[in-house]
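**Student:** Here is what each chain is made of, one letter per residue.
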Amino acid sequence: MNDIVLFALLTMGLLGATLAVILYFVAQKFKVIEDPKIDLVEDALPKANCGGCGYPGCRNFAEVTVKSANEKQNLEGLNCPVGGNAVMKQVAAILGLEVEEKEPLIAVIRCNGSKANSPAKVQFDGASSCAFAHNLFAGEGGCQFGCLGLGDCVDSCDFDAIHMNPETGLPVVNDKCVACGACVKACPRGIIELRNKGKKDRRIFVSCINKEKGGPAKKNCSVACIGCSKCFQVCPYEAITMANNLAYIDFEKCKLCRKCVEVCPTDAIHELNFPLRKVKAETGAQEIQEEKPSKVAAVATAESASQETKNDNIV
Amino acid sequence: MNSLKTFAPGGVHPEENKFSENTPISSLPLPKQLVIPLGQNLGAPPKPMVKKGDEVKTGQLIAKGEAFISANIHAPASGKVAKIDDALDSSGYRRQAIFIDVIDDIWEENIDQTPDIVREITLTKEEIVSRVKECGIVGLGGATFPSHVKLMIPDGKKAEYLLINGVECEPYLTSDHRLMLERGEEILIGIKILMKALSVDKAIIGIENNKPNAIQHLTELSKNYVGVTVQALKVKYPQGGEKQLIKAAVNREVPSGKLPIEVGCVVSNVGTAFAVYEAVQKNKPLIERVVTVTGKGLSNPSNFLVRVGTPISDLLNAAGGLPENTGKLINGGPMMGKSISSPDIPIVKGSSGILVMPVEESRRKKPNPCIRCSKCTEVCPMGLEPYFLSKLSKLELFEKAEKNNIMDCIECGSCQFTCPSSLPLLDFLRLGKLRVGQLIRTRK
Amino acid sequence: MNMFTISGSPHVHGDESVKKIMYAVVYAMVPAMLVSIYFFGLDAVRVLLISVLACLFFEWVIQKYLIKGPVTINDGSAVVAGILLAFNIPANIPAWMLIIGALVTIGVAKMSFGGLGKNPFNPALVGRVFMLISFPVQMTSWPVAKPLFAPQLTDAITGPTALGLLKEGVGAGKTIEQIMSDPQMPDYMDQLTGSMSGSLGEMSAIALILGGIYMVIRKVINWQLPVSIILTVFVFAGIFHLIDPQHYINPTFHLLTGGLMLGAIYMATDMVSSPMNMTGKIIYGVGIGLITIIIRLWGAYPEGISFAILIMNAFTPLINTAFKPKRFGLIKK
Chain C
24 MNDIVLFALL
34 TMGLLGATLA
44 VILYFVAQKF
54 KVIEDPKIDL
64 VEDALPKANC
74 GGCGYPGCRN
84 FAEVTVKSAN
94 EKQNLEGLNC
104 PVGGNAVMKQ
114 VAAILGLEVE
124 EKEPLIAVIR
134 CNGSKANSPA
144 KVQFDGASSC
154 AFAHNLFAGE
164 GGCQFGCLGL
174 GDCVDSCDFD
184 AIHMNPETGL
194 PVVNDKCVAC
204 GACVKACPRG
214 IIELRNKGKK
224 DRRIFVSCIN
234 KEKGGPAKKN
244 CSVACIGCSK
254 CFQVCPYEAI
264 TMANNLAYID
274 FEKCKLCRKC
284 VEVCPTDAIH
294 ELNFPLRKVK
304 AETGAQEIQE
314 EKPSKVAAVA
324 TAESASQETK
334 NDNIV
Chain Z
-14 MNSLKTFAPG
-4 GVHPEENKFS
6 ENTPISSLPL
16 PKQLVIPLGQ
26 NLGAPPKPMV
36 KKGDEVKTGQ
46 LIAKGEAFIS
56 ANIHAPASGK
66 VAKIDDALDS
76 SGYRRQAIFI
86 DVIDDIWEEN
96 IDQTPDIVRE
106 ITLTKEEIVS
116 RVKECGIVGL
126 GGATFPSHVK
136 LMIPDGKKAE
146 YLLINGVECE
156 PYLTSDHRLM
166 LERGEEILIG
176 IKILMKALSV
186 DKAIIGIENN
196 KPNAIQHLTE
206 LSKNYVGVTV
216 QALKVKYPQG
226 GEKQLIKAAV
236 NREVPSGKLP
246 IEVGCVVSNV
256 GTAFAVYEAV
266 QKNKPLIERV
276 VTVTGKGLSN
286 PSNFLVRVGT
296 PISDLLNAAG
306 GLPENTGKLI
316 NGGPMMGKSI
326 SSPDIPIVKG
336 SSGILVMPVE
346 ESRRKKPNPC
356 IRCSKCTEVC
366 PMGLEPYFLS
376 KLSKLELFEK
386 AEKNNIMDCI
396 ECGSCQFTCP
406 SSLPLLDFLR
416 LGKLRVGQLI
426 RTRK
Chain B
630 MNMFTISGSP
640 HVHGDESVKK
650 IMYAVVYAMV
660 PAMLVSIYFF
670 GLDAVRVLLI
680 SVLACLFFEW
690 VIQKYLIKGP
700 VTINDGSAVV
710 AGILLAFNIP
720 ANIPAWMLII
730 GALVTIGVAK
740 MSFGGLGKNP
750 FNPALVGRVF
760 MLISFPVQMT
770 SWPVAKPLFA
780 PQLTDAITGP
790 TALGLLKEGV
800 GAGKTIEQIM
810 SDPQMPDYMD
820 QLTGSMSGSL
830 GEMSAIALIL
840 GGIYMVIRKV
850 INWQLPVSII
860 LTVFVFAGIF
870 HLIDPQHYIN
880 PTFHLLTGGL
890 MLGAIYMATD
900 MVSSPMNMTG
910 KIIYGVGIGL
920 ITIIIRLWGA
930 YPEGISFAIL
940 IMNAFTPLIN
950 TAFKPKRFGL
960 IKK
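Here the protein sequences come in this chain order: C, Z and B. With positions in the first sequence counted from 1, the corresponding number in the working numbering is that position plus 23. Once you know that position 182 of the second sequence is 167 in the working numbering, the rest is easy, because the numbers rise by one and skip nothing. With positions in the third sequence counted from 1, the corresponding number in the working numbering is that position plus 629.
Keep in mind the hints are simulated off the structure, nothing from the lab. All values derive from a computational prediction rather than experimental measurement. Treat the hints with caution; some may be incorrect.
Here are the simulated DSSO-like pairs of lysine-lysine, each with C-alpha atoms no more than 30 Å apart in a straight line [as the list claims (entries may be wrong)]:
id	chain 1	residue 1	chain 2	residue 2
1	C	Lys208	C	Lys236
2	Z	Lys350	C	Lys144
3	Z	Lys65	C	Lys241
4	C	Lys70	Z	Lys385
5	C	Lys234	Z	Lys350
6	C	Lys241	C	Lys144
7	Z	Lys351	Z	Lys281
8	B	Lys848	Z	Lys429
9	B	Lys953	Z	Lys219
10	Z	Lys219	Z	Lys3
11	Z	Lys118	Z	Lys(-10)
12	Z	Lys118	Z	Lys37
13	B	Lys848	Z	Lys(-10)
14	Z	Lys351	B	Lys803
15	B	Lys803	Z	Lys376
16	Z	Lys32	Z	Lys42
Bound-form chain C, shown alone:
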């Protein structure tokens, strides 16, 4: 009995020792010399491998970052949108550098052509793919710029941050969004934009990208931007530009004064997470019609934080 135990111990021990020696030499022979910082940087990264930084994965991003730090002594053009400032600071600390604070971004859906606002004129029947439908026809509502509602953006999201609202047929971004940009690339119509998250999550944007003239645009969708330039004229900060019958608000210049929202005749400009308007607001504010802007604001505040960007002109 003892013999068996002894024999087993000996053979297994010998086998283990021999293999360990072999492994040691093999490991030495095939050793890859790598900057240990790469591992450290990689550890600091979120490891989502989303590609939001523009590189194929976190490991690759770490390699590029370390290379840039070694060669150029800066981290210009390198940003992990998922980790945000916290992670980039950590990365910079590992590499002995400093980074500029970057404002966090969030994906914004610039279309409000919901089933109610842009009623379907035809029915689509086919593969559930926006890219395919975009090639096939203009859209159920007839707007050739608007959301097709088949969810390529939802499929592209690795963070569970974008979902379809079955009532409106439009996608909704929640606060899990890390601004990796996958949905921006996935949308065949370029509706989604990464915009400044804003103080207290407050944002103002034109929720339309229709470049047609007012008439045809309005024919297909009641909340289309008709290119009337009223917002452009009222903006005190020159944040609004007009091109191809379409207004665009530069989020870096916008001071969130909400004047443009008031003047927009089609409710194409959206404000999110602002407090409810009072009839007489702070100094300088004009008389505001109660119904239309407050509806937007009321719904927006009533929404839970996770539903903040839900486009809300549904009946």
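On the provided structure of chain C, position chains Z and B as indicated by the hints.
**Tutor:** Relative to the frame of chain C, chains Z and B by itself:
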């Protein structure tokens, strides 16, 4: 008569439903306004040559194709240019178009409007090509490839056969069939013109065996035309595909990714041959074409000779009006046509038919899981594996799809037609082709 | 006016559907079912009913309560699996064993992979092999066929199958002649019409071929695949028979016994688990034929087609990758 030939591999045989095959071609009255989209041909759209308020005559050049692959457009009727603005195209996108308010039908003086048949071909080879180009002839089978480009054979290649596509393998459509019966003589002269332009001495007209009267008629007529023969073909879709027709008629395979000239063939549609006849012998530009208006439920399926730019609704009214239970309107045949969103869209050079489908047939069947029956592989005329390619495309594995030759797909739809699980195979194949095309372009 | 529908071409669809294909297979199995009822009487009806109902029940339970997805038991695939399972087992099997077999067929071999179209192995064969290994005694004691209207002598007379006799005989060192002279051995006429002992479905080669012809005409299966299996078995067994007729039996015997026809026509041609193109199908068929004969001649089991099909099922993805259909316009030099 020769024995029946056909292509291999693959192919399907959908229900033919050729309701309008015995209805003679009739003309339609001119509409009040014509809408002529600029992008009517494959390749670059031509540049407009007129402006708002200009008076135009029937047959006058209104848009000139400047790029190599582009085709001229002529005024289909006389009148005044109302505007040049965006108009809905068949997919619902807004594209540039010329609007003409029709006033009368005054033709350009140099166009021969008489019905006399001009048999003698006086123009030289080069003159024919330039006339075809001037008159804006495009392939009328549906692809709308500018014909003059096809007639210019690249250096080092030689055409041996001219194949004339009278197959009309699409169910429902009968415009080519009627044209062959009613304008056989003109088609044959057109074929002789094309033969002269291409310097070939053999032309084969391929006609499917479900049109015995057309086969007989053209066989009779072709006795007077040296080198032109009629080949009866077995009824099988997609025999009207260029590569399939070549395989069926002369048993040659166009190599993957190459053009028919690689195997010494040029393929043209019977409609194109007729348009070439009119252009070369009568100096008449391509401003009208034969369109089949058909469908179950339509009271009066017909073949109309209509001017380009006529709204589809006019044709539907002439054919008995849009039935109450219409669920789908198709520009083209049921296998490769495009479903359109409204009947206000104009007829373009490439419209071969308007098909009305009742509601119960217009929705697709509910898809089931793939049972790997391999029927799609069996019917694919290009020898591909549609189930596999569509899966790759669905999973966005476009590079792998490219390696499995997704670009060979001719989008004939045989796979989806035959799929017992009613899967949207071709939808994903199209998506895959699109993405792989983008990949290939970025690589360059 | 109705809203128009927009979809990609083609706008028409052939009349084929999964349901139609599945029921075509069921119709094709009717002759063999009738033969089995003729020979085994109510026992055959009992086994068929229990098997089909159990398969349907398990599919329904799993789809409804485990997957919580749509229930698709009326697409006919569970019926086909149930009948095929019944065809592969003796008529006197206890009901509870059969129900366990059905659970393995549907639960393990089909639904655990994701249901219809996703199973790598033929479900009925997995169920059958599972039963064969778990209940070897019951699964190999075959009732003797007694025509329905013949006088019932005793209930439950069991006897070995033809292949079983052969295996036993060869194992005992007998020559083929001695084995064939055994009174229990069915002659060729019996083998064709099914008057021998065996499982429900393997009885009559004629009934099976009849169903096969129907399926070929109905375009449910390609004739090339069963023919490649049968030819391979015939040629391979024939070679050995020519070398040593005393030890290796006539190849026709192999074709008509041991469920080879059943396997070749109904099991190997299962769409889901067989290769996707003609070259692949023929290679797959040849593989099945070879493995069948190898098992029959030298293996521990008297018959081998179930194992052969399952083994080749495992190679199907490989065959699909290695052999592609002939592309149109492939540049040839």
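**Student:** For each hint, tell me whether it holds in the structure or not.
**Tutor:** Against the structure, the hints come out as follows:
no., hint, in the structure
1, C/Lys208 - C/Lys236, "holds (26 Å)"
2, Z/Lys350 - C/Lys144, "holds (21 Å)"
3, Z/Lys65 - C/Lys241, "holds (29 Å)"
4, C/Lys70 - Z/Lys385, "holds (26 Å)"
5, C/Lys234 - Z/Lys350, "violated (37 Å)"
6, C/Lys241 - C/Lys144, "holds (14 Å)"
7, Z/Lys351 - Z/Lys281, "holds (22 Å)"
8, B/Lys848 - Z/Lys429, "violated (45 Å)"
9, B/Lys953 - Z/Lys219, "holds (27 Å)"
10, Z/Lys219 - Z/Lys3, "holds (16 Å)"
11, Z/Lys118 - Z/Lys(-10), "violated (34 Å)"
12, Z/Lys118 - Z/Lys37, "holds (26 Å)"
13, B/Lys848 - Z/Lys(-10), "holds (23 Å)"
14, Z/Lys351 - B/Lys803, "violated (60 Å)"
15, B/Lys803 - Z/Lys376, "violated (56 Å)"
16, Z/Lys32 - Z/Lys42, "holds (18 Å)"
The structure shown violates the earlier hints numbered 5, 8, 11, 14, 15.
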